[in-house]
Each structure stands twice: as C-alpha cells, then as structure tokens.
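Residues in the sequence shown are numbered consecutively from 16, following the numbering used here.
Since the hints were derived computationally from the structure, they do not count as laboratory data. In this text, all values refer to a predicted model and were calculated from it rather than measured experimentally. Keep in mind that a hint or two might mislead.
Stated by the list, open to error - In silico DMTMM-like links for lysine to aspartate or glutamate, alpha-carbon gap of 20 Å or less:
(1) K69 / D85
(2) K69 / D23
(3) K61 / D20
(4) K69 / D28
(5) K61 / D85
(6) K61 / E38
(7) K61 / D23
(8) K69 / D122
(9) K69 / D56
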Amino acid sequence: MAYIDNNDGTITDTTTGLMWQQETLSTMSYDNAILTCSELDLAGHKDWRLPTIKELVSIVDYDRRNPACDPIFGSVSYNYWSSTPGQYSPGGAWLVYFNYGHVDCYDRTHCYSVRAVRTAS
Numbered sequence: 016m017a018y019i020d021n022n023d024g025t026i027t028d029t030t031t032g033l034m035w036q037q038e039t040l041s042t043m044s045y046d047n048a049i050l051t052c053s054e055l056d057l058a059g060h061k062d063w064r065l066p067t068i069k070e071l072v073s074i075v076d077y078d079r080r081n082p083a084c085d086p087i088f089g090s091v092s093y094n095y096w097s098s099t100p101g102q103y104s105p106g107g108a109w110l111v112y113f114n115y116g117h118v119d120c121y122d123r124t125h126c127y128s129v130r131a132v133r134t135a136s
C-alpha cells in the first residue's frame with residue numbers, strides 16, 4: 016500500500032486512486048454521516064462522500080491492531096460507517112471496526128465514526 020500525506024488534511028492512496036480525509040469525524044448516525052460527507056469542503060474539494068464497504072476495507076491493514084490501518088490515517092479503534100446498505104437488513108449498513116478490521120452490519124440509527132473519501136483526480 017502506498018499512501019501520500021498531502022499535508023492538507025488528506026491522504027492519497029496511490030494503489031486505489033482514492034483520496035481520504037485524514038481526520039476522523041465525530042460519531043454520528045448513518046444518515047448524518049452521508050449528509051456530513053456530502054457537505055464536506057476539504058483541501059479545495061467538495062465531492063466528498065461516505066466510502067463503500069469495499070473502499071473502507073481497502074485501508075485495513077490486517078498486520079496491525081488497535082487500529083488496524085496505517086498510522087498515517089490517525090484512525091481510532093472504533094466502528095466506521097460505509098455507504099453500503101445491509102443486504103438482508105434494510106435498516107442496516109456495513110461498517111469496519113478498526114480495532115482489528117472486522118466487518119459487520121449495524122442498524123443505521125447507531126452512532127459510529129466517519130471518514131470521507133473521494134476519487135482523486
């Protein structure tokens with residue numbers, strides 16, 4: 016994995032072409048996470064969004080624990096929302112628990128951490 020700290024509050028993943036918000040946002044419900052990411056204006060970009068579960072898992076480093084990702088992200092060992100709805104749970108959405116990279120589906124009314132993403136251009 017090759018990450019670049021853009022020194023503007025963002026990290027670029029040169030493998031996936033994604034740009035990540037470096038800071039973890041406060042915990043919030045799924046609906047607020049979607050809205051907050053879509054309204055984010057960071058580093059001159061306004062096209063931020065909540066990542067899909069596939070995108071979020073792409074920054075998990077299973078060789079690390081607490082948190083299970085590169086320290087460049089400054090992640091905390093909490094659950095992070097993805098935009099991917101639960102397949103068998105219409106009121107749920109997928110998330111990643113960054114303590115050790117576990118993936119699960121939880122009710123959208125719960126409050127979890129958020130990190131926005133965009134496609135780097």
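For each hint, the structure was consulted:
Restraint check for K69 and D85: the C-alpha separation of about 17 Å stays at or below 20 Å, so the hint holds. Of the supplied pair hints, the one linking K69 and D23 is violated, its CA atoms being roughly 25 Å apart against a limit of 20 Å. Restraint check for K61 and D20: satisfied, since their Cα atoms lie roughly 19 Å apart, inside the 20 Å limit. For the proposed pair K69 and D28, the alpha carbon gap of about 14 Å is at most 20 Å, so the pair holds.
With a C-alpha separation of about 25 Å, the suggested pair K61 and D85 falls outside the 20 Å cut-off, and the hint is violated. As the CA atoms of K61 and E38 are separated by approximately 16 Å, the hinted pair is consistent with the 20 Å bound. Restraint check: the Cα-Cα separation between K61 and D23 comes to about 14 Å, which is no more than 20 Å; the hinted pair holds. A threshold of 20 Å between alpha carbons decides the hint, and for K69 with D122 the separation of about 19 Å falls inside it, so the pair holds.
For the proposed pair K69 and D56, the alpha carbon gap of about 23 Å is over 20 Å, so the pair is violated.
Hints 2, 5 and 9, counting from the list given before, are not met by this structure.
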